[in-house]
Amino acid sequence: MKIFNRKTWLATAVMVWLITGNATAQEYSDTIRDGKTYTNATMVGVGGANILDTYLSQEKYRGLSYEMVYHRTIDRADSRWSKQIIHSTALFITQNRANTGNEWELMYNYQHAWLYNWDFLDGRLNIKAGGAIDADGGYLQNDRNSNNPLSVKAHVSIMPKAIATYKFKCGSHPAAVRYEIGVPLVGTMFSLNYGQSYYELGKDDYDRNLVLTHFINAPSLKQMLTLDYTTKKTTLRIGYLGYIRQSDVNNIKCHNYNHSLVIGIVKRFNILKIRP
Amino acid sequence: MKKLSLLILSLATMLTFVGCVDVDEYDDSPKGNFEALWHIIDEHYCFLDYKADVYGLDWNEVYERYSKQMNSNMTESQEFEVLTKMLSELRDGHVNLYSSFDNGRYWSWFESYPANVSDTLLRKYLGTDYKITNGMKYRILNDNIGYIRYESFENDLGSGNLDNILAYLAPCNGLIIDIRGNGGGLLSSAEKLAARFINTQTMMGYIQHKTGKGHNDFSEMKEQKLKPSSGIRWQKSVAVLTNRKVFSAANEFVKYMKQTPNAMIIGDKTGGGAGMPYSSELPGGWSVRFSACPMYDKDKNITEFGIDPDYNVQLSDSDLQNGIDTIIEFAREKLKQ
Chain D
1 MKIFNRKTWL ATAVMVWLIT GNATAQEYSD TIRDGKTYTN ATMVGVGGAN
51 ILDTYLSQEK YRGLSYEMVY HRTIDRADSR WSKQIIHSTA LFITQNRANT
101 GNEWELMYNY QHAWLYNWDF LDGRLNIKAG GAIDADGGYL QNDRNSNNPL
151 SVKAHVSIMP KAIATYKFKC GSHPAAVRYE IGVPLVGTMF SLNYGQSYYE
201 LGKDDYDRNL VLTHFINAPS LKQMLTLDYT TKKTTLRIGY LGYIRQSDVN
251 NIKCHNYNHS LVIGIVKRFN ILKIRP
Chain V
277 MKKLSLLILS LATMLTFVGC VDVDEYDDSP KGNFEALWHI IDEHYCFLDY
327 KADVYGLDWN EVYERYSKQM NSNMTESQEF EVLTKMLSEL RDGHVNLYSS
377 FDNGRYWSWF ESYPANVSDT LLRKYLGTDY KITNGMKYRI LNDNIGYIRY
427 ESFENDLGSG NLDNILAYLA PCNGLIIDIR GNGGGLLSSA EKLAARFINT
477 QTMMGYIQHK TGKGHNDFSE MKEQKLKPSS GIRWQKSVAV LTNRKVFSAA
527 NEFVKYMKQT PNAMIIGDKT GGGAGMPYSS ELPGGWSVRF SACPMYDKDK
577 NITEFGIDPD YNVQLSDSDL QNGIDTIIEF AREKLKQ
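If you're matching them up, the sequences are chains D and V in order. According to the working numbering, the first sequence is numbered sequentially starting from 1. According to the working numbering, the second sequence is numbered sequentially starting from 277.
In case anyone wonders, no lab produced these hints; they're calculated from the structure. Hints are not guaranteed to be accurate.
As the list claims (entries may be wrong) - 25 Å max Cα-Cα, derived BS3-like pairs, lysine-lysine: (1) Lys-468(V) / Lys-203(D); (2) Lys-574(V) / Lys-468(V); (3) Lys-60(D) / Lys-307(V); (4) Lys-307(V) / Lys-361(V); (5) Lys-203(D) / Lys-503(V); (6) Lys-574(V) / Lys-203(D); (7) Lys-60(D) / Lys-489(V); (8) Lys-489(V) / Lys-203(D); (9) Lys-501(V) / Lys-512(V); (10) Lys-253(D) / Lys-36(D); (11) Lys-253(D) / Lys-361(V); (12) Lys-253(D) / Lys-574(V); (13) Lys-413(V) / Lys-468(V); (14) Lys-307(V) / Lys-489(V); (15) Lys-503(V) / Lys-574(V); (16) Lys-167(D) / Lys-273(D); (17) Lys-501(V) / Lys-203(D); (18) Lys-576(V) / Lys-203(D); (19) Lys-273(D) / Lys-36(D); (20) Lys-498(V) / Lys-203(D); (21) Lys-501(V) / Lys-576(V); (22) Lys-610(V) / Lys-576(V).
Chain D with its partners taken away, still in its complex shape (with noise of 0.2 Å):
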């Protein structure tokens, strides 16, 4: 009689590997730390919008604006540098002046910024400052106009960012008065020239239509001012968003001021792995 028949000795071999193979895992932690401090605050706002495209009108329009941003900052414990990208949809629905004509514009924004960082007052006051890939993408459209019905907006630019951030104690809660601003410095935008129409860019018609733009030619800004409350396990935003966005590029001025009330969730975490 054989006590240990073939898948006897099979069954023992995968028992012995998975043993030793767990004890094995079992020697190390089961979660890697990357190192990553990942800081996401979505907000949403409601503003006051000021506009004004001398491709579609010369009157300047005001409305309401709507924003929806996502911000997404992370800093690395063995580093100096983070990274910030930002996610924002805007809305934008105004009238002229004597409420005859309406103009709607709907915008997004991408911002991949890469910061350095500075630490002053022990620690209470951190500063970022860097560079950011900064595009724009959207179209302004005139309700009334015939052959110029709207305005296709694309910019993408190279922008100096800085962001300030101060913490300290509201009683027993930790609280955090932020300051982010962002003026782009040099890029490329998408514009029509002075009168022409979208039927003759249709037939390849290129007439400077897309543009450098610098700080000159186009000068914008981005700016947020906002406190951080945290209560429990959960950290509320509210402040303003003010964002200029302007160009004199082929004889067409263009502007939007914007200014915000934004409100929202911010959430700091780190990822942890887990090895199987």
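Assemble the complex: chain D is given as a structure, and chain V must be docked to it using the hints.
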């Protein structure tokens, strides 16, 4: 702290770059509306120099003459009347002033001429059993001539519609496209229809646009090339019937058809309208439309004041009384030759 000071200084420097891009808005008053309108035309209208040459238009003199008529005691109606009269100096059917109570217009380009079309006669020629698709009415006349009545280019013409119409009319010996009274619409529809009458890419004319506020600030002329349609194309003779009310995109269609190998233009001179219209507005909220992009024929002539037909034929009173459309009958005879 030195680093902090440096950062604050950098921030302040960034902010100083942000200047204002703005325009001055005119007052919402009769004088403000007048100034805004005069400047919109002065800076954007595309035929100021051309019309100065053709009939002596002097836009600065127009300012002097009409600014004296504006005062703060005017009623809305009086203000609208003076501004419309000022715009009429441009003699352009594409120039309009729109208010909630009236559309200011210049229509002398067709009102001062015979209509050369009669609804009663068209009803007689079309009968009641004609076909309709996408705004086109069509039938085969009793001498085996195809007849298409097309009153507006407002609809986006579909390739399937045109294939069906041309397939139905394919057995005919010739084709009449009657666009009398067609005030225009989509340029793309005019192109799609004309593309059925060419077999090779054809140069139809030129288009350009303004590049600045100066009266003569224009881009280079861009060739308007038309590719033949990939659908059914008409290879026999075709007659396009015109009158003075053929305007804008319909005027362009006539320009295109002039370059096709088998087409003849019959009827009265077209109304013109060779500037693609744009819109703007006045402080008081009235909307203004004006010609912005000039279009030219293949010899670089502006077609703003119309295109001459190959055969100038007028609808005669005696034919009208006898129920005969002189222009259709002339076309039928020509197509039989």
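Which numbered conditions among the earlier hints are violated in the structure presented, ordered from lowest to highest?
The structure conflicts with hints 10, 11, 12, 16 and 22, although it agrees with all the remaining ones.
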